[in-house]
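Each chain is listed here by its residues.
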Amino acid sequence: MTEAAPAVYAPPASSKNAALALLRAVTSHRLATVGLVIIVFFCLMAAFGPLVIPHGPYEQDLYAVLSGPSASHWLGTDNLGRDLLARVVYGARVSLLFGIGSTALSAGLGIVIGLIAGFRGGIVDAVIMRITDAFLCFPPLIFILAMAAALGPGLHNVILSFALFGWTGFARIIRGQVLLVRELPFIEAARASGLSPARIMFAHVLPNTLAPIIVAVTITIGIAILAESGVSFLGLGVQPPTASWGKELRVGFTYLESTPLISIVPGLMITVIVIAFNFVGDGLRDALDPRLKGAGQHRE
Amino acid sequence: MGRFIGVRLLHALVILALVTVLVFIIAQLMPGDGVLAAMAGSIDMSDASAVERVRKQYGLDQPILVQFGDWLARFVTGDWGTSIGGGEKVYDMFMRRLSPTLELFLGATIWSIGIGIPAGIIGALKRNSAVDVALTTGTMIGVSIPAFWEAIMLIYLLAVIFPILPPSGYVPFFEDPWLNIKSMLLPTFVLGTHSAGLLARYVRSSLLEVLGQDYIRTARAKGFSERAVIVLHALKPAMIPVVTVIGLAWAHMLGGAFFVEVIFAIPGLGRMSVDAIFQKDFPVMQATLIAVTLNVLLVNLLVDILYGYLDPRIRVRR
Numbered sequence: 001m002t003e004a005a006p007a008v009y010a011p012p013a014s015s016k017n018a019a020l021a022l023l024r025a026v027t028s029h030r031l032a033t034v035g036l037v038i039i040v041f042f043c044l045m046a047a048f049g050p051l052v053i054p055h056g057p058y059e060q061d062l063y064a065v066l067s068g069p070s071a072s073h074w075l076g077t078d079n080l081g082r083d084l085l086a087r088v089v090y091g092a093r094v095s096l097l098f099g100i101g102s103t104a105l106s107a108g109l110g111i112v113i114g115l116i117a118g119f120r121g122g123i124v125d126a127v128i129m130r131i132t133d134a135f136l137c138f139p140p141l142i143f144i145l146a147m148a149a150a151l152g153p154g155l156h157n158v159i160l161s162f163a164l165f166g167w168t169g170f171a172r173i174i175r176g177q178v179l180l181v182r183e184l185p186f187i188e189a190a191r192a193s194g195l196s197p198a199r200i201m202f203a204h205v206l207p208n209t210l211a212p213i214i215v216a217v218t219i220t221i222g223i224a225i226l227a228e229s230g231v232s233f234l235g236l237g238v239q240p241p242t243a244s245w246g247k248e249l250r251v252g253f254t255y256l257e258s259t260p261l262i263s264i265v266p267g268l269m270i271t272v273i274v275i276a277f278n279f280v281g282d283g284l285r286d287a288l289d290p291r292l293k294g295a296g297q298h299r300e
Numbered sequence: 301m302g303r304f305i306g307v308r309l310l311h312a313l314v315i316l317a318l319v320t321v322l323v324f325i326i327a328q329l330m331p332g333d334g335v336l337a338a339m340a341g342s343i344d345m346s347d348a349s350a351v352e353r354v355r356k357q358y359g360l361d362q363p364i365l366v367q368f369g370d371w372l373a374r375f376v377t378g379d380w381g382t383s384i385g386g387g388e389k390v391y392d393m394f395m396r397r398l399s400p401t402l403e404l405f406l407g408a409t410i411w412s413i414g415i416g417i418p419a420g421i422i423g424a425l426k427r428n429s430a431v432d433v434a435l436t437t438g439t440m441i442g443v444s445i446p447a448f449w450e451a452i453m454l455i456y457l458l459a460v461i462f463p464i465l466p467p468s469g470y471v472p473f474f475e476d477p478w479l480n481i482k483s484m485l486l487p488t489f490v491l492g493t494h495s496a497g498l499l500a501r502y503v504r505s506s507l508l509e510v511l512g513q514d515y516i517r518t519a520r521a522k523g524f525s526e527r528a529v530i531v532l533h534a535l536k537p538a539m540i541p542v543v544t545v546i547g548l549a550w551a552h553m554l555g556g557a558f559f560v561e562v563i564f565a566i567p568g569l570g571r572m573s574v575d576a577i578f579q580k581d582f583p584v585m586q587a588t589l590i591a592v593t594l595n596v597l598l599v600n601l602l603v604d605i606l607y608g609y610l611d612p613r614i615r616v617r618r
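Residue numbers (the numbering used here), protein chains in the order written: chain X, 1 to 300; chain A, 301 to 618.
Treat the hints as calculated values from the structure; they're not laboratory data. Treat the hints with care, as some may be off.
[Stated by the list, open to error] Derived CB-CB ranges, DEER-like:
(1) ASP61/X x LEU365/A: 52 to 62 Å
(2) LEU329/A x GLY81/X: 36 to 46 Å
(3) LEU23/X x LEU479/A: 48 to 58 Å
(4) ASN17/X x LEU365/A: 53 to 63 Å
[Unchecked claim] Calculated Cβ distances over 10 Å to all of chain X for the following chain A residues:
(5) LEU309
(6) GLU388
(7) MET395
(8) SER399
(9) GLY414
(10) ILE422
(11) SER429
(12) ILE441
(13) TRP478
(14) VAL510
(15) GLU526
(16) ILE530
(17) GLY555
(18) PHE558
(19) LEU589
In this text, a Cβ means the ideal position worked out from N, Cα and C, and glycines have one as well.
One chain only, chain X, in its complex shape (with noise of 0.2 Å):
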């Protein structure tokens, strides 16, 4: 396995102003603000498009199954009857709920022991990469399943499972920044001062180590929602009724020949939303990495 070292990163100012320029940093690369705006409309229609479309995700129109568009329903039905429109956009607040739900967890677990492994050191440190680096050998999609097998189907174990493996790339670019910004001046101050190792941690570590792990981040949340599609499509996430962009599909997949859009739809709102994050991620990276960013070009 090779790693590159990693760079050290402009520390935010405040809160705020590290939102600003990160909104800065997206709106700067063309690809990224086209991801942002599509992340923005996914957002607004799992919140507010219930409000909007005529019915409901579990409402049953046996008069229509598998009916292709119609004035009442606009993209069809699906083989129960059910409205496509309504689960899709009901199914945007499943992917989202997952994508930023575990992707939270995931990382939260991974700053805490990379922060525990990088500022330690030693045989704590040895230990934890080991098991990454054992977590990191298997592709994590058929653990999950596993997992999902031996805890029982449902989205909360699906979160859980991909939390449990998710962790270890945050765990691994948390301490390789930790690493760097430990021997600054300014931790050897905080030290000097009679600290507590937890609140040099905390408070003046941790801020210092945020920005590829915001890049990480997006792009989890891509790989997540991916993750997720796909356990359900396979039958052992979401459960019925509950509508998932995935578990559409499955239904899709059987009804091909006569009803395509079924299939058509919900993968294609997988493929976007996935591509929108990735379009986010790659802007941030280059934006926030200067390793990677013309000389000239670097602002901030």
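We have chain X; now place chain A onto it with these hints.
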């Protein structure tokens, strides 16, 4: 070099040991006894002595560490247990399912190298042109698209609307080579898409980095043609990270194979694992998980060794 390989090998062994523990723990997480759950139909669960007999027979009354040791000892000697679902020996089952999956992996690797490397090189050489933007967008779609959706859409396009290829099914190569290749075209393409996109992105940025190096400027200054500069001086060092990406792709392909084998009805390891998960067939799942990890470790080891071979700086540094 010998020491370098030795250290890597030792690391791999430590990781493998950790993984076996992890796999064993996952099995323990399952509510109730796996064996008892599987026997529920054949013995009277209200008969305490019968239940106790079964527990004894499978060693479930032993302390957890003893159980782990037993299981590990049997696993190492090739006794992977019996499938709860079909009653078949897991080892035999595994070996029978191996070849379709290996063929799938091989085909996917060919697709991803065939598409990814040229796309990356063209993107780097025509940096910021319309071609580059189109390729960048294409590779982004490649890494983002869910394999199961891509598979369904390609089936719809190439098997339903234009019925050129069979929608699913698997025929062994030695039974009907032509039909085998025809039916594997779509599955291998779908499985290779993600790594093709990754590869293109890596090749592009790696080549761009190399092209900015001083020795490339020197080569240009010495009057080499642009083609000679790229082919003789830039491509080889730019290809080093590619080894990692291909290794990573191999290591993670089984995840994609889950979907591809289910959708295209290919009787490989991916299908076997999905079936095992649904049937809570833990002996099969344990075997798969360990085999997957072993695959990843071997590939990583190979990548590390190749890396040390291709890039002498790494050998010296460690």
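Verification of the supplied hints:
1. ASP61/X x LEU365/A: 52 to 62 Å: 59 Å, holds
2. LEU329/A x GLY81/X: 36 to 46 Å: At roughly 39 Å between Cβ atoms, GLY81/X and LEU329/A fall inside 36 to 46 Å, so the hint holds.
3. LEU23/X x LEU479/A: 48 to 58 Å: 55 Å, holds
4. ASN17/X x LEU365/A: 53 to 63 Å: 54 Å, holds
5. LEU309: Per Cβ check, LEU309/A is outside 10 Å of chain X; nearest 14 Å; holds.
6. GLU388: The claim holds: GLU388/A sits with its nearest Cβ about 19 Å from chain X, beyond 10 Å.
7. MET395: About 19 Å separates MET395/A from the closest Cβ of chain X, which puts it past 10 Å; holds.
8. SER399: It holds; SER399/A is separated from chain X by about 20 Å at its closest Cβ, greater than 10 Å.
9. GLY414: 23 Å, holds
10. ILE422: At roughly 19 Å from the nearest Cβ of chain X, ILE422/A sits farther out than 10 Å, so the non-interface label holds.
11. SER429: 15 Å, holds
12. ILE441: Not fine: 7 Å to the nearest Cβ puts ILE441/A too close to chain X.
13. TRP478: 26 Å, holds
14. VAL510: Since the minimum Cβ distance to chain X is about 15 Å, VAL510/A lies beyond 10 Å and the statement holds.
15. GLU526: 22 Å, holds
16. ILE530: 21 Å, holds
17. GLY555: 4 Å, violated
18. PHE558: PHE558/A is in fact no farther than 10 Å from some Cβ atom of chain X, at 7 Å.
19. LEU589: Nearest chain X Cβ is 6 Å from LEU589/A, so the label is violated.
Against the hints set out earlier in the document, violations occur for numbers 12, 17, 18 and 19.
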